[in-house]
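Sequences are here, hints too, so could you generate the full structure?
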Amino acid sequence: MIALAGFTQSAVNPAGPQSAHIYHLWHLYLWICVAVWVLVIAFLIAGLTRRRPQPQTPDTKLRRSVITATAITIGILFFMLVASIQTGNALATRSFTKPVSIEITGHQWWWEVHYQFSQPDQEVVTANEIHIPVGRAVILKATSQDVIHSVWIPNLDGKIDAIPEHVNTIWLRADKPGIYRRQCAEFCGMQHAHMAMLVFAEPEPKFERWLADQRSGARSSAGAVVMRGRQIFENAPCLLCHTIRGTGAAGTTGPDLTHLASRTTLAAGTMPNTPGNLAGWITDSQRIKPGNNMPPINVPSEDLQPLLSFLESLR
Amino acid sequence: MTVERALDVSNLPDAAPGTRAPVWWGQIGMMLIETVVFAIIIASYFYIRLGFSVWPPPDIAPPELWWPTANLILILLSCIPMFIGGKAIDEGRIGTAAFWLGLNIIMALGFLAIRIIEFNLFNFKWSTDVYGSLIWILVGLHTMHAIADTTESIVLFGIMVSGRMGAKQQIAAKLDGIYWYWVAAMWVVLYILIYIYPSIRLGML
Amino acid sequence: MVRSTGIMKRVTKGVLACASVLVLATLASSCKRESRTLRNEPPQRGLYDAARESTNEPGGKLPKIGMPSPAEGNAYAISQGQRLFDWYNCSGCHAQGGGGMGPPLMDRRFTYGSQPANIYDTIVRGRPNGMPTWGGRIPEFQVWQLVAYVRSLSGSEPSAATPGRSDGLEKKTRAQLQ
Amino acid sequence: MSADLLSTIDQYEIDEAAAKRDLENSWRAPGGFIGWFQEVNHKAIGLRYIVTAFIFLIAGGIEALLMRYQLAIPDHRFLNPNLYNEIFTIHGSTMMFLFAVPVMEGMGIYLVPLMIGTRNVAFPRLNAYGYYMFLFGGIFLYAGIFLNMAPDAGWFAYTPLSGPQFSPGKRLDFWAQMITFTELSALVVAIEIIVTVIKLRGPGMSLDRIPIFVWAMLVQSFMVVFAMPAVMDASGMLMMDRTIGTHFFNPAEGGDPLLWQHTFWFFGHPEVYIIFIPGTGMVAELVTVFSRRPIFGYTAIVLSIISTGFIGFGLWVHHMFATGLPQLGESFFTAASLLITIPTGVQFFCWLATMWGGRPKLTVPFWYVISFFIIFVAGGLSGVMIASVPFDIQVHDTFFIVAHFHYVLIGGAVFPLLGAIYYWFPKMTGRLQDDRLGLITCWILLIGFNLTFFPMHWLGLHGMPRRVYAYSANSGWASMNALASIGAVVIAVGGILYLVNIFRSKRDGGFSGPNPWQAGTLEWMTDSPAPRYNFLHIPIVSGREPLWERPSDEIPLVIGLRTDRREVLVTRTLEASPDHRYVLPGPTIWPFWVAVGTGIGFTGSVFNMWWFVLGGFICFVPFVGWFWPHRNINFVPKMEKPK
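Chains as they are written, first to last, in my numbering: chain S, 44 to 358; chain G, 418 to 622; chain Y, 195 to 372; chain B, 39 to 681.
There's no promise every hint is true.
Which chain B residues face chain S? A few, computed with CB under 10 Å, are given here [unchecked claim]:
#: 1; residue: Gly-192
#: 2; residue: Pro-295
#: 3; residue: Ser-369
#: 4; residue: Leu-400
#: 5; residue: Phe-404
#: 6; residue: Ser-420
#: 7; residue: Phe-429
#: 8; residue: Gly-501
#: 9; residue: Arg-505
I should point out that these hints are in silico values taken from the structure, not numbers from a laboratory.
Virtual Cβ for every residue (Gly too), placed ideally from N, Cα, C.
Shown next as structure tokens:
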């Protein structure tokens, strides 16, 4: 569980300009609304408990009060509308150069990640985890392969739906390094609850290093156990769905495993990436995440260790 | 018990035509609902149409015009006996009304027969693509309404022939007519939408 | 109404009886159709059974012909089979059931038999002229799901368990291709 | 109608006993088991709506408790995801389609004829048909659950998740068809109420004298007429996509999954007001009665209700702010969403002014109104917040939204409803409820409600999406979830106490007499419980609160309506002057058989569309039976022309 500690997932703890805009708007709204609520309830209590004058309060006086209250309401609403539109404009303004462009594709129930560059050989494919440079704008393109999902990093920006055959775009920027968790925000079926992703905001050099690592093929060490594990992997059903660049595995229906060991979680943020969890996932994933699309694999006990060694070597 | 003031209504009639009858408002309400049903589908039609540059979609030939146009004229003509029949009902000439209603029923059945030809003329199915789905649901729904009103007309015709016409049935017969005008008017809208609208180019407007 | 009360009572009783029969029938059919088994057995034929492209397989555990399909008539299984049909690239040769490099799957008669067990056998063992051997690669329950989906293409599965269409690009179902 | 047909009589002697005997005879209830299916009386049907809806409320509440138990602790393995998804879908669908709308309709069907001074609704047989449709729809959905066909795509069932590929089997078809049933019922009730209010008001009840609750039901009915067809279209298209392979929501063939969201929310947003507007009508009645003065700003309130009805149709897109719409459109819908606050605000200010200018009496129903203020104002304000696109995209589809709409719907509809039932209970049963228990219940519900739903605001802001069946221990959401689950138990206790009070008081509560609250509207003029014919004589209305203007035995009455058949007085639309007498039909079984035919058609079409045609044929015979006239109707050969 250590690997998962230290992340945040909260709309009231902004780490970038977009979420900060929204956070300020929320604060403004919160205080206005609290004030209005207190006023209404105060008038209610006063109206119920006050001493009745003789004669009764004339209707003209009541009418004046109602008209005043309505006018104030309209004023407040107009103010709120202006604040909302201003925030909306601030969110939509795109004054940045050299953004990182990431396409996130929702699948039932994991995220395919595609770093887009002008040269095809620069592109990076990974899953369920993204790294972004601190202080640089990131363009997120959300789409889906099956049903509607939603991309939402509360610490960085509001959400945008990932809809099949549509591509929705938002931009965001992280100003503080940190780990920001996000999870699917549009109900997408059986395992909607376990469809998370960690966002690592890190300094530019560290990010570039990570990117370079991800571009390369699988670089597993050449030990005998690992080689045996690779052989097991290539002969097992795994390769029908998963890709490990540099090996024979080129399936595209499951997450790309080329750099599996560099990721901190398994099964779209369901659990930390430890050999024990990985073994449990391979042999009986349906116990951990019922309904997911990974079938159980029957690995003989003497083969499990080499297979894990191979997968854990994919840095 | 003694009441201070009372209003004696015993001299009022026990039925009234047109907007004074509750059932007239009920029928208008039903027609309003059905109009909204069509309006929502028509709005969906335009919403879907926004996603296409060519309409109907390129691999579908637009439906032929001859039979649908003939049918449009038939249903408009069939409103005439309905109207004359309605006049006769107002004047209490039930026999005459039955004759004109019968003529309307024959024309309505003719309309439904040609409607079958229309369906056969569609060179696509509801499952071909979304255009097919939209056209089939629009025409299908309209056909359902036409069948329903024709059935109502037949029942009323039966009531007229069996001599059971009362005040309520008179109002019902008038409302049956109003409903048929609605069915005809709705077909004018759908005819334009389905057969004319796709061939209008923006340049022509 | 007094006159017809007796008749009404009898009619009502009859309707109630019919309704209960209908409910029971629906119950019987829906049990099979609607169940969703999530935890299944992993492949039993060994992990890295080398790929065999021919039917001449001496020895080995073959499925008994006539064994009942656990997926037959099950809506969830058919739907999963549809997903797997794409994932395992069956459409590469069979298109969406219309056939291409491989034979069409919308016929009711298959070269190697159209009973669930026959199709299962075809998938697991492969057939000459191109059908690969999937045994050991795909867990048995997924093979059964594929079998159910393939049979649904030719209308051999109950229509209540078969989807009217699929949601993807150019995935025409039976109704459209006919 | 010319005035010479009417004669005003001063000092009229009425043979009360004879009138009562005749009316009781001609309006008597059909007896026996079969009689239950022949019933067409608006109070019986209205009560059936209310009771059935409460049974579904209990079912929905049990589902809510199961969900709260699952979420009480992190990584709880009480419900598997499949079951959890089914339960929240059924919970939402039950509460929206089988409780909230039908119970408001039931209140309307029960109260509107009493409040406007007539004997039944305009089309009693159609009314019975509407109830059977609702009942069948509910049974249909719950039968589906026990047949393992519980829908699991959420109560708004977004495509493509709800489409043929991702929701195999018949689960979603059952859901979609349940909607067809219940919406048909809602439309039927809407027509009933519109026509009843337009044509059957007591003489003298001009538009500016209609009780506000009746206005609310009228506006609600018009909203139903314009909103429900959208969801019937949507669910029909979904059914066709699923069963016969149409492509309305299939992007590959030119359809669009967003079309579902547009059509669904075009209904779904007005739906909120369809539930809430009757609630405001109830609040207005309660505030008037217990402030002991006529409502302040009657015209302003009525105009507010009407404009709420209109603006309610311009807001549907604010459920879709995260789908990537153009920014200009979003600003428009933000403005529209804020705009609807104004009429609601005006109503609140008028209620406050009424209390301010009156002599409020803190009865139990009034405590429910106070709870309504506390809760609904908070919910309305969180609604103002999420009207803003930038803020909404943060909290959309999180527990913040769950909190918001429970504040609005439970606060805005259920609390007024509970108060209203407490208030009208004497009219329904002739007995009073236990005030002490009633007060305790109200407080328990108020506390339990806030305990359950207030923490959800916090959860949503801290990132918890809605509709998750599990969350991990290190998410930090555990304590607030535990609090919410404790609150759910408190609400359940309050609910049980409410029912206990009803059952106990129904058996041995004190007798109430005709007007226990000293209220001013017409329904309190007649006996408690109201007789089947409602009024011995139709009252003549000369003000908004007739009973406050003069004692109930001095109210002028209509005489000359025949008592040997079910005759009511039809009045003119605007000024409600007497127009003609109108005979309402009596008990009949035909609506039930038509409902059975419709039910067979709808149920069968889940499996095969041809059943729909068959259902139509089955309907035909009882339909003819329904409308076929008997010979003994006196023939009127020539009608006078409408003027």
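(request) Give me the numbers of the hints this structure contradicts, sorted from smallest to largest. (result) The structure breaks none of the hints.
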